[in-house]
Amino acid sequence: SQQGEEDPQALSIQEGENATMNCSYKTSINNLQWYRQNSGRGLVHLILIRSNEREKHSGRLRVTLDTSKKSSSLLITASRAADTASYFCATGPGGYQKVTFGTGTKLQVIP
Amino acid sequence: DGGITQSPKYLFRKEGQNVTLSCEQNLNHDAMYWYRQDPGQGLRLIYYSQIVNDFQKGDIAEGYSVSREKKESFPLTVTSAQKNPTAFYLCASRVEGGWQPQHFGDGTRLSIL
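Protein chains in written order, with the working numbering: chain E, -12 to 98; chain C, 4 to 116.
No lab work stands behind these hints: they were computed from the structure.
For each residue, glycine too, the CB sits at the ideal point set by N, CA and C.
All the given hints hold, so there is nothing to weed out.
No farther apart than 27 Å at their CA atoms in a straight line, the calculated lysine-lysine pairs in the BS3-like style are these:
(1) E/LYS85 to C/LYS73
(2) C/LYS12 to E/LYS85
(3) E/LYS93 to E/LYS43
(4) E/LYS85 to C/LYS86
(5) E/LYS85 to C/LYS74
These stretches of chain E come out as covered by chain C in the derived footprint (C-beta under 8 Å, 3 or more residues):
(6) 9 to 20
(7) 26 to 36
(8) 85 to 92
Could you put together the complete structure from these sequences and hints?
Printed below as a string of structure tokens:
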């Protein structure tokens, strides 16, 4: 079963604007990861945040995690047309256990 | 360059036919995974393997089979028992243990003739 649910399902913004997408999950986790998928391609890992972290940055990406609300958000600042892709959150208990992917947010950045 | 290679990129299956999707990695990763992705959907786990000669069923294993005879290779067979095989199939690998991210191939799109 799907662990994560992304919101919104689709998002369209102008280049230069910020994009925020959210992920909610159901059970306790050890870490949460965000991946990007360009159309017709495989997923690419963007960032991992551990359950004891509240915020993490990587370049134009900012991820927050609220374990009390079982939710995470991914913020992409100063978006570019090349950011057009689907974004997935993935949760896992860590170690040898499998990772479960959400349903994805499809982001379109209009030049 | 290290990475994961999936082949073929496009595959067509006839009624009653088994087809095999190839996945090869040169990242020296122990764990490998097969996912199915339907249009507009997330990824669903078919099978995964943590070590050579061992693999476990995922959430939707019925109608699929795998083998893991070599560390580098994890082929997926879509059998005739899988009645709705049209989908995008993704293979991934990772260093096992801890919170290591998965590395993905570029997928195989399987369609029914």
